[in-house]
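Asks: Spelled out from the first residue to the last, the chains are:
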Amino acid sequence: MNNERTGVSGSLESCDALVMVVFSPDCEGLEIEIDSPSIASFGEEMRKAVRETLESAGIFRGIVKIQDRGSLDCTLRARVETAARRALAGDVREKVNT
Amino acid sequence: MMERRLRRTSLYIPGTNPGMLANASVYGADSIILDLEDGVPVSEKDAARILVRNALRAIRYRGVEVTVRVNALCTPFGKDDFEEIIPLAPDAIRLPKCESAEDVRQADALMSELESRNGIQPGTVQIIAITESASGGTKLSEIAAASPRIAALNYGAEDYTADIGAVRTKEGHELDDIRAKVIVAARIAGVQALDSVFGDVNDMDGLYAEAFRVRQLGFDGKSVIHPRQISVVHSAFTPSEKEIGFAERVMKAFHEAASRGAGVIALDGRMIDAPVVARAQKIIALAEAAGCLLIEG
Amino acid sequence: MPSDRRVTIMSMEKDSRKKFFFTGEQKDIPSIRKKREGGKIAATLEEAFRSAEVRDGMTISFHHHLRDGDLVVNMALDVLAKMGIRDLVLAPSALFPVHEDILRHVRSGVVRSIEGSVNGPVGRAASEGLFSSPVILRSHGGRARAMQSGELHVDIAVIGAPAADAMGNLSGISGPSACGSLGYAFTDAQYADRVIAVTDNLVSYPAVPFSIPQTLVDWVVPVERIGIPEKIVSGTLRVTRDPLRLIIARQVAKIVEESGLFLDGFSMQAGAGGISLAASAFIREKMKAAGIRGSFISGGITGQSVEMLEEGLFSVLLDVQSFDLEAVASLASNRNHAEMSASFYANTASKGCSVDMLDVAVLGATQVDLDFNVNVNTESDGILLHGIGGHMDTAAGAAMTVVVTPLFRGRMPMVVDRVLTVTTPGNTVDVVVTERGVAVNPQRKDILENLRGKGIPLVEIGDLKKMAEELTGIPATPPFGEKVIGIVEYRDGTIIDTIRQRV
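Protein chains in written order, with the numbering used here: chain A, 1 to 98; chain B, 1 to 297; chain C, 1 to 503.
Bound conformation, chain A alone (with noise of 0.2 Å):
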């Protein structure tokens, strides 16, 4: 596993989202896993942004984990690029928390 490279961004502030981009060459594809109150509404939106955030930054296979707290959609797709662009620079982090 020592081509797992992770990265955090965001936080667990209403309006905001803790996202945490595993960038996994083993992988098959993109895992994404959204915990979201808006989910019932924006579901397709939100793995639609953070599918096309991510293969924009240049990842294709790893894993995404987002604990979204009501972000909007410029938000969300800020905070997986943030953590893409963390990750793919190898910097390991402790997770942010609120």
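I should point out that these hints are in silico values taken from the structure, not numbers from a laboratory.
This structure is a prediction, so every number in the text was calculated from the model and none was measured.
C-beta: ideal position from N, C-alpha, C; glycine also.
Among these hints, one or two may not hold up.
What the hints assert, rightly or not - Facing chain C, from chain A, some residues (calculated, C-beta under 10 Å): (1) Glu31; (2) Ile34; (3) Ile39; (4) Ser41; (5) Gly43; (6) Glu44; (7) Gln67; (8) Gly70.
Position chains B and C against the provided structure of chain A, taking the given hints into account.
Replies: Just chains B and C now, with coordinates in the frame of chain A:
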């Protein structure tokens, strides 16, 4: 030509807070400052930059000037900030640690390059310069004249007073010299002068007194750090009835003179000069804005 | 209209369940004295239920004046479960998180269904399909009306009483569990067949002033505790400091000022919610500035209402529910602070309810739609989390109904095409106030006329929806199943909407 945009209040919004970023425009400030600099810890510089960029991209901030306080180009974060933010063409960037004409020119050049690369007319994004050192304080005139992008001069009270070795007090006399310098340099360059923040968000009387005083000194506005401070500063920047009455009479005389093609404007048998007309215009603009404020508040 | 109560004056002597103190036979002096000492005391709740001849399938009502500090509902259900009673219908005026215990009794078959109000964890469980038959949601006025008409027939009312004497005179203003008004309980006492008062504060006869008279109470059960004081009433409710909510509240005050209703004799209802409380504070400033003297504040009463009464800004408080310690103290001491029952407050079938006398009501929402319909029952995800309260009653009664809401919460827009549940119909909602604009119901040209040109950011309701969706995106409808888990009854008894199971 005097910068006309109303900037009585500029509200700082930390670039780390998505909830506040979403609502930045609703509090009634004339200008908002999406902050990537001192309001953001070093470990979150990357996150804030991306968050603010996405907010600029997605959120329509109605009826408010949108500005971003980037990190200075002399820091490890400045260049990345410019590269992410300038392509979204905010109304202005607030340039901290602006201590010489060279600092402005460097930013100007990078901005022009980024603007043309992104199909934006070079010169579109304005600069509000923030001077924070003793040395910068002596170069305000050259800073103000360094680029046509400069829309206003501002100073950082904490860093400036630390640099000159002053003690911060509630009365704020330690800021007398920098305030005078900012005003004079701004007036020479025909740009706005903006005052720094008032730190105690619970002291509304103190805030009003300070805002009232800086308006008397000639400042065009003041930065605020909490939405609650906005209406207080706006009311301090509301001209008195007497001021408004006089300004209206000045403007009436000005228009009469203009329609007659007369070069000299006279009011009550006294000659009125251009700066007096300019001040009258400014008072009318403030009064109109305050009308909105009264209705909103 | 004739009540179908089983006990009428004519048949009283035949009713073996009652203790009678003098039935017209010869007086037995020593025995009467003894009875007077003992009054209507039942040693335990179980004994009282036995005397009331509790049976499977009965309807048992409760009031919510003890709010999240209430111990009576859980206590009573535990006793009933132990007695082996099953299949009960609960008729609470509202439920709180403390009542999550009910779920246990639903699963074991002690409780079959709920009529009245369903909130919090019990609502969530209802949404998940826990109940075999749909819960019936009624407003405070609707609940009183249904009791009066017999649609909601309560067999036994269990009334937590912060003070009671042995004959069943009940009061909420004193004792360790003081809660102030017993307005909702009054209606239960009036219409239930049997009334059991439960108290942790037995006082000497007669308990004066009383809210509920002994003529309506069958048994009094002394217990150790009926409530947890700090959860019953709050300390002083503070006006919100949230700048977004303050923007909305300021706008409400401005609208009230310009509405044409802001005159001497002005009356209003604004609850204890953050925005409402702040709006009252701003209205208070405007009344002082304009020298306006109002007639009454009604509904849930707070310390702020009390201060406005004491300042002479309003002449009277009509209190159906006291929210804080100041309200309780004032109800106990100020003659112009009057208690009112649920019927007096909001029952359309009564001979006159006070909501009809209201000028302005300030109400909340979980969703508002393009027809101004308001949802207060289900959240944006379709889960039933809230009761109706007096929402639809005051909306219908007030001359101007103002609904306040942030334009979006989290990622969920609050102004939508169509609310998931219609609680309060749009033709009774006049103004919607958000931080980004104010929409007036086009039916109300009079209000629109008064507000125009006053610097209020008037927009169409459709613009609010657009602004919200610009930020949040367009929400998909949450996935609902076929099963109806809730019925929303309008205050007149007609069905205004149904709520489906969330899957």
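Asks: Each of the hints needs a verdict: does it hold here or not?
Replies: Cross-check of the supplied hints:
{"no.": "1", "hint": "Glu31", "verdict": "violated (23 Å)"}
{"no.": "2", "hint": "Ile34", "verdict": "violated (12 Å)"}
{"no.": "3", "hint": "Ile39", "verdict": "holds (8 Å)"}
{"no.": "4", "hint": "Ser41", "verdict": "holds (4 Å)"}
{"no.": "5", "hint": "Gly43", "verdict": "holds (8 Å)"}
{"no.": "6", "hint": "Glu44", "verdict": "holds (7 Å)"}
{"no.": "7", "hint": "Gln67", "verdict": "violated (13 Å)"}
{"no.": "8", "hint": "Gly70", "verdict": "holds (2 Å)"}
Checked against the numbered hints above, the structure violates hints 1, 2 and 7; every other hint is satisfied.
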